[in-house]
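Participant: Construct the complete structure from the given sequences, taking the supplied hints into account.
Residue numbers (UniProt numbering), protein chains in the order written: chain A, 1 to 330; chain B, 1 to 330.
If you are wondering where the hints come from, they were derived from the structure by calculation, not from laboratory data.
It should be emphasised that the depicted structure is a prediction, and the values quoted were computed from it without experimental measurement.
Any given hint could turn out to be false.
Same chains, same names: a pair is fine if it fits in one copy or spans any two.
[What the hints assert, rightly or not] Taking lysine to aspartate or glutamate and the DMTMM-like style, the derived pairs with C-alpha atoms no more than 20 Å apart in a straight line are:
1) K309 to D63
2) K327 to E272
3) K93 to E223
4) K327 to E195
2 protein chains.
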Amino acid sequence: RYFHFCKLPGRVMGIRLLRFTSVVIIVLLLVAGALTALLPNIKDDKMPNLRREPKTQSQSALDSFTLIMQTYNRTDLLLKLLNHYQAIPHLHKVIVVWNNIGEKIPEEMWNSLGPHPIPVVFKVQTVNRMRNRLQNFPELETKAVLMMDDDTLVSAHDLAFAFSVWQQFPEHIVGFVPRKHISTPSGVYSYGSFELQNPGFGNGDQYSMVLIGAAFFHSGYLEDFQRQPEAVYALIDETQNCDDIAMNFLVAKHTGKPSGVFVKPVDIRNLEKDTNSGYSGMWHRAEHLLQRSYCVNKLVNIYDGMPLKYSNIMISQFGFPNYANHKNKM
Amino acid sequence: RYFHFCKLPGRVMGIRLLRFTSVVIIVLLLVAGALTALLPNIKDDKMPNLRREPKTQSQSALDSFTLIMQTYNRTDLLLKLLNHYQAIPHLHKVIVVWNNIGEKIPEEMWNSLGPHPIPVVFKVQTVNRMRNRLQNFPELETKAVLMMDDDTLVSAHDLAFAFSVWQQFPEHIVGFVPRKHISTPSGVYSYGSFELQNPGFGNGDQYSMVLIGAAFFHSGYLEDFQRQPEAVYALIDETQNCDDIAMNFLVAKHTGKPSGVFVKPVDIRNLEKDTNSGYSGMWHRAEHLLQRSYCVNKLVNIYDGMPLKYSNIMISQFGFPNYANHKNKM
Chain A
1 RYFHFCKLPG RVMGIRLLRF TSVVIIVLLL VAGALTALLP NIKDDKMPNL
51 RREPKTQSQS ALDSFTLIMQ TYNRTDLLLK LLNHYQAIPH LHKVIVVWNN
101 IGEKIPEEMW NSLGPHPIPV VFKVQTVNRM RNRLQNFPEL ETKAVLMMDD
151 DTLVSAHDLA FAFSVWQQFP EHIVGFVPRK HISTPSGVYS YGSFELQNPG
201 FGNGDQYSMV LIGAAFFHSG YLEDFQRQPE AVYALIDETQ NCDDIAMNFL
251 VAKHTGKPSG VFVKPVDIRN LEKDTNSGYS GMWHRAEHLL QRSYCVNKLV
301 NIYDGMPLKY SNIMISQFGF PNYANHKNKM
Chain B
1 RYFHFCKLPG RVMGIRLLRF TSVVIIVLLL VAGALTALLP NIKDDKMPNL
51 RREPKTQSQS ALDSFTLIMQ TYNRTDLLLK LLNHYQAIPH LHKVIVVWNN
101 IGEKIPEEMW NSLGPHPIPV VFKVQTVNRM RNRLQNFPEL ETKAVLMMDD
151 DTLVSAHDLA FAFSVWQQFP EHIVGFVPRK HISTPSGVYS YGSFELQNPG
201 FGNGDQYSMV LIGAAFFHSG YLEDFQRQPE AVYALIDETQ NCDDIAMNFL
251 VAKHTGKPSG VFVKPVDIRN LEKDTNSGYS GMWHRAEHLL QRSYCVNKLV
301 NIYDGMPLKY SNIMISQFGF PNYANHKNKM
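Facilitator: Spelled out as structure tokens, the structure:
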């Protein structure tokens, strides 16, 4: 009956028309609503300028790490390394310890070249000290710290593996550069690498330190470092060296075990020669190694004993990079 | 005056002579005593037939291990391996599990070729079962067990290093032969080595078992094995296989961690081809690997879940055999 409105009287037709159109409109709205619900979501990867919801906050403090990188007079290397390290899996944040006193941080440049995968914080220092990187930075939110020298490039594969090893040995310094100390009959210690005779524990060599310039360690040790005797700070400041040896003493004393776990790197590079600054690292100073032996002996005095312990455990990744690297002739 | 005794009267001369000779005798005895004290000790290595005081009892139960070697139809290999293993550092005792039912143990021959560095006990079995080696032998005094197949030769260097690694990971099976399981979309597990696709955890490969035929583990696990469900024994007896997979399930369940720690061997050899017995090991049976996949699935039923966990940690000895094996290009 509603469809033959021409035949109906004026007022009745008016009301019926109203009802009709209302029904049609409601039906159309329902259909439109249904269609909208069924439409696929718009993919936002076609909009590269749109800032994504940062995901880092959701990374648990246990499953990620903070990179702390101190830098002096090698900003070109710093920026090159930041591009590499900013995309390492499980990285939470980067803290750059800016030892270029009085020089502006490259924050503008950094921001102009954004967006970046993770936040980077520039900590401006007032004095150029080696131990600046061992502060207990308030920006540090993760349990794990990755400390890297500003001229050292380690592959993402190595870092991902070493981080997984650290998670199994969280009280140790897990890293890529092993060193040792040797006792001599005179009671005076010497510091060195594999060229030094092994400590005499059977076959092979031993290490008693893992350097923190390419290593993971627990952020709690930065807290502990704030409570070291003044003599330790004085030693590091006097030599502008040995902060890493001091950290190994701290960790070894704390655990009663070897301070470090050595992970053999597949791809580790020193980029020093690539810098335009003309600045070479501290380790080129003539007295560098002698200083380090000196530091070992001073620290033994301060600690009233030798807490460093030897280890000969060398860890590699099973089946990587060569998937049969564990195979034997049997 | 005493020296002109010819001039003295008889009785006086007699007493004086007595005194004189007494003094001379006493002086000679003192000189002889002094000389004897100063003489070097007689070295007893010139007397090979002299039995030395056994030193093994003084080796602490923590610093030494017991070798358990099961043997079937390969007595020539057994004896060759006994000569090799009897001199391994830190070995406390050898337990030979004699699966040659009804056959005399070679004890006479063993004794006639003595002395031996350590005691060897032959445990005569009544039934030829693969799981005979997993008994809780009363002769076992050490915390550590080294279990070896009777056709496997591992160098002393590898064993000494792996023992030191076990001492750092005493709740794990520390050994030289890694294997893994894979889950498939159907929920059915498969067993294999590196030819199987990795479980998909990023780079490289993973292992979830370390075979006990060349491994150190805690003797407490032999106690634990006596309390396994009957179904586990039935499975091992049915297949004459899989006792090692069962041990890995046991250890993984107990620790909640990967059961094994893989130490990459420098020198491991299978001597199978050298036997005169003509007997080849069980692993040559056509169904051997399929059986092991079958065992994995059966054990998952018995355990009501999959306790095995993956690891990609591969341990080698720092600076051995190549003293610079940890060196990198940096």
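Participant: Compare the structure with each hint and give your call.
Facilitator: Consistency of the hints with the structure:
| no. | hint | result |
| --- | --- | --- |
| 1 | K309 to D63 | between (29 Å within a copy, 19 Å between copies) |
| 2 | K327 to E272 | between (36 Å within a copy, 19 Å between copies) |
| 3 | K93 to E223 | within (18 Å within a copy, 49 Å between copies) |
| 4 | K327 to E195 | between (30 Å within a copy, 11 Å between copies) |
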